[in-house]
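These are the residues of each chain, in order.
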Amino acid sequence: MTSQDNMPMTRAEKRQAKRIKRFDNPWMNPKLIWGAALLLGIIAMGIIGRFVWDPDLVFTGSSMLRLPPVGFENLRGQAGTMANPLGTDGGGRDLLALIIIGAPNTLFVGLLASLIGMSIGIFLGFSAGFLGGRTDDVIRVSADVMITIPPLLILVVFQSAFGDVSLTMMALLIAGFVWQSPTRLIRAQVLSMKQSGYVQMAQLSGASTSHIMFREMMPNLVPYLFGSFIASVTTSIVTAVGLEVLGLGPQRIPTLGRTIYEAINAGALIQNLWWWWGIPTLLLAVIFIGLLLINLGLDEVSNPRLRKLS
Amino acid sequence: MTDKPVLTLKDLSIEFPTPQGVVQAVKALSLDIHKGRRVGFIGESGSGKTTTALAVMQMLAEPGRVASGMIDLGGTNVLDLDEEQMRRARLSRVAYIPQGAMNSLNPVMRVEPQMWDGIIAHEGKLDRAELKRRSDAALESVGLPVHTADLYPHELSGGMKQRVCIAMGIILNPELIIADEPTSALDVVTQRQVMQTLKAIQTEIGSGLMLIGHDMGLMAQTVDELAVLKDGELVEHGSVQQILEAPKHPYTRDLISSVPLVGGESFLNPDTRAEAPKRASAEPLLRFENVRKDYGAVTALHPMSFQLQGDTPQIISIVGQSGSGKSTMGSIMLGFNPPSQGRVLFEGQDVATMSAAQSLDFRKNVQAVFQDPYACFNPFYRVNHALKFPFKQFGMAKSDAHTQQAMEEACAAVGLDPDLVLNRYPHQLSGGQRQRLVVARALMLSPKLLIADEPVSMVDASLRASILSNIYDLKDKYGISILYITHDLATAYHVSDYVMVLFKGHVVEAGPPKEVIGAPQHPYTKLLIDSIPWPDLHRSWGDGRQDWDPAKLEAEAAQASAVYRGMVPGFDLQEA
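Those protein sequence lines, which keep their order, are chains A and B.
Under the working numbering, the final residue of the first sequence carries the number 310; numbering is consecutive throughout.
Under the working numbering, the final residue of the second sequence carries the number 576; numbering is consecutive throughout.
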C-alpha cells in the first residue's frame, strides 16, 4: 500500500522520490563516477598525448633548459612558449612529454603490483580459510609477519642490489608487500561464509571444493575484493613513488616519482623552478583523489546503509 | 476499570517513506492499556507490533514517522514532548524490555553499574549505598541472587540476562512496561520461568504491560487482553478468553488453529502411504555405532547406537532443548562433523571413509532442511540455482527442459507458483516461501533420508503447520524417511512415528509419540511438556507461583534413568 494511490505528493516528497530513484542503481554513484573519470582522464592523456605531442621531447637536451610554463617568467626573464607549454626541466626535457609518458607509467606500476598482490591474496586467503589446519597456520603467521616488516626498507635493499630495474620488475617487487591485507580480509570472510547456510547447501548438493570457493563464495566477495584492490593500488603507488623519489626504481623510464627526484636533486626548490616538481605532484594528487573517490563510491555501493537519502 | 488508562493510542498511523513509495506500517490503531492490565500484541513479522511499541517510546527508526493520531501516556501526549522530556519519560514512565537480552547488556560492564546508569540518568547522582540498595531490591524482585550484580553479562545464562533486563526495566517503577518478544530467543523451560517473573513483577508494581509476540500459547498463558494485528491493522481486540473461545476475524482463527496441540486434532491428512523407494542393499539405511561427540572437555553427545532400516518410510523425531546435542546429531548424520568416537554407516558404508563416487551417492540420498531459510540461498544467484545445481550435479537432469519441468513440479507440490518464485532473488521471497523451496529441492532430488533440523522454528506461526505438512508429504507421498530435529514437542507428537528425547547428550525417554509425549514418565520430559505454553486457558502455566524451579527439576531429571517405551518396527534404539 503506498500513499500515491490516494493523495498527491508534495513537492518535497517528489524531490525525495526523484533522489531515491537515482539511488536505485547503486553503480550510478557520483563519487564512483568522478573517481573513475579522474583516473580515466590520466590514462586518456597518456594515450592521446602520444599522438598529439612529440614523446621524444622526454630526452635530455631536446629543448632549452629551465623554461617556465606559458604565461610565466623564469629567473632569467625568459617567458614560456607554446613549444613547451608546461615548461622544461634542468636537463631540457619537456614537462608535458614527461607527464604524458610518466603518469601512465606510475599508474601502471600501481595497478600491476596490486593485481599480482590481489591474486596472491585471493589464492592464499581462500586456501587458509577453506582448508584450515596447518595450511591456515602457515599462511596466517607469514601474512602477520610480513605486515610488520616496513616494505620500503626491504625494497631499498633490493633495488640497490638490482641496480636499474624495469617497471614490471618494480611492480613484482612491490606486489610482494601488498598481498597480506587482502589475504587476511579474504580469510576472515571465507571463515564466516563457510558456516553459512548456502555453503552447507552446496556441500549437500555434492559441489566440489573449487565450485564452492569460486562459484558460491567468490561472487559474494566481489565488493570486498574491489575495495581491497583499490586500497592496494594506493599503497603500491605510494611505495613506488617513494622509491623513485629516493632515486631508486627505473633509471631510464620517466615516471612522476623520478621527475620529482631529479627536481630535488637539481635544487629546483631554491631556484624557484616550481613547475618542475609542482606539476608531477599535482598529478599524483589527482591520482590519489581519484582512487579515494572510487574507494568511497565502492563503499557506498556495497554497503547500502551509507547511501544517504539527503 | 474506572482509572484513566496508562496508555491510549488513538487513530495512530505510522509510515515509512521508502524508494518504492510510502509504506504504512500501522494504520489507524486505537487501543487503551489500563493500569495493571496485560495486553498482548500478536501478529506476524511485519504486522506493525514493534513499530507501535517504538512509537510509544519515540524511538522509531529513521525515516519512520507518526503520520497522524495520538499517543497518550498517562495524561501526557508523547508526540508533544521534546527530546529532553522524552528522555526523562523513558524508563521512568515507560520501560522497554528488548528481544535479545544478550545484545542489550554492555559486555564490558558488570551488571550493577549498568542498572545504576538508569537511576543516575533520571535522578542525578545518588549515594552509592542507596544505589546498591535499589539495584539489589530490583534483582531480588526478579528472583536473581544479589551476587549477580557483580557478574559480567557473559557469566549469565540467557534466561538470567533476560531477567536482568527486566530488573533494569522496572527499577524506576514505570507506569508501562513494553516487552518485545522477551522470550523468543529462550527455550521453553527458561521461557516459562522468565514469563512468570515478568508477570509477578508487573503485578507487584501494578503497571500496564504491553507484550509483543507471535506465540498464541504464550499469550494465552500471560496476558489479559489480546490485540491481533495484521498488515498494520488491528483486526481484533478483546479479552483473551473471548478471543480464544470465539475468535471473530478469520485471521485470528487461523492463528489459533495453526498452533498444534499435544493430543489435539492433527493438522495432517495422511491419505496415501507410499512405499519407500526400492533399495538395492539389505543394510539398514542409517546406523549409528556407539557415536559420541566431544567439543573439548564437553561431551555434546554420549555414546549412542541405533539403526534405521528405511524399508518403510518413517519420521523419527529427536526432541530436546538447545544444548541437548540434537543439532550435533544432525550434523554428524550429514557427515559435516566427524564423530569423536564410533561410526556412522549409510547403507553399510562408513560415512567418514567413502570414496568420491560413494560420497556423491551419499549426498544424493541424504538431504537436509535447515533452520534458517534466509541463509540457505546464495544471495548472488536466483533461487532456481539452488534447485538446478544439485539436480545436474547428481546426474539426474536429462536436458534443460527436463530440469525446468522437475523444478516446476516440485514447486507445485509444495504449494508454490513456479512462475512467481523460481526466477527471483532470495531476498525477494519471504521466509516461508524460501523454506518451502528448500523442501521442494529435497523433493526434486528424492533422497532416501531427509534430515530436517528445526525446519519451522524461524517461520511465521501461521505457516508452520503447512510447511510441516509439506515435509510430512515427503514421507507419505514420496516415501522418504525423515529425521525431524526439533524443540517443539507438539509438532513432534503429530508428525513422528518414534520420538527420542535428548537431555544433555543422553536419550532420556524414547518410544512412540502417543506414549512419550502424551503420557511422559521421565521427569525431564514432564518438565518440557509442563513448560509448553498452551493456548488453553484451563491449562494453567504461569500463574505467578514462584515455587516452580526448573533448576531443581533439571537436577532431578539428571538423576533419573532413561525410560524406553516400546519399539516401532524399522527403528532400533540400543538401550544405553
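If you are wondering where the hints come from, they were derived from the structure by calculation, not from laboratory data.
This structure is a prediction, so every number in the text was calculated from the model and none was measured.
Note that the Cβ used here is the ideal one computed from N, Cα and C, for glycine as well.
Be aware that a few hints might be false.
[Said to hold, decoys possible] Per label pair, the in silico range of CB-to-CB distance:
no.: 1; chain 1: B; residue 1: H122; chain 2: A; residue 2: S142; range: 53 to 59 Å
no.: 2; chain 1: B; residue 1: M354; chain 2: A; residue 2: F123; range: 27 to 33 Å
no.: 3; chain 1: A; residue 1: G41; chain 2: B; residue 2: E409; range: 29 to 35 Å
no.: 4; chain 1: B; residue 1: N103; chain 2: A; residue 2: V286; range: 30 to 36 Å
We went through each hint and held it up to the structure:
1. H122/B to S142/A: 53 to 59 Å: Given about 55 Å between the Cβ atoms, the range holds.
2. M354/B to F123/A: 27 to 33 Å: Between M354/B and F123/A, where Cβ atoms are some 28 Å apart, the hint holds.
3. G41/A to E409/B: 29 to 35 Å: violated, 56 Å
4. N103/B to V286/A: 30 to 36 Å: violated, 45 Å
Going through the hint list in order, the structure does not satisfy hints 3 and 4.
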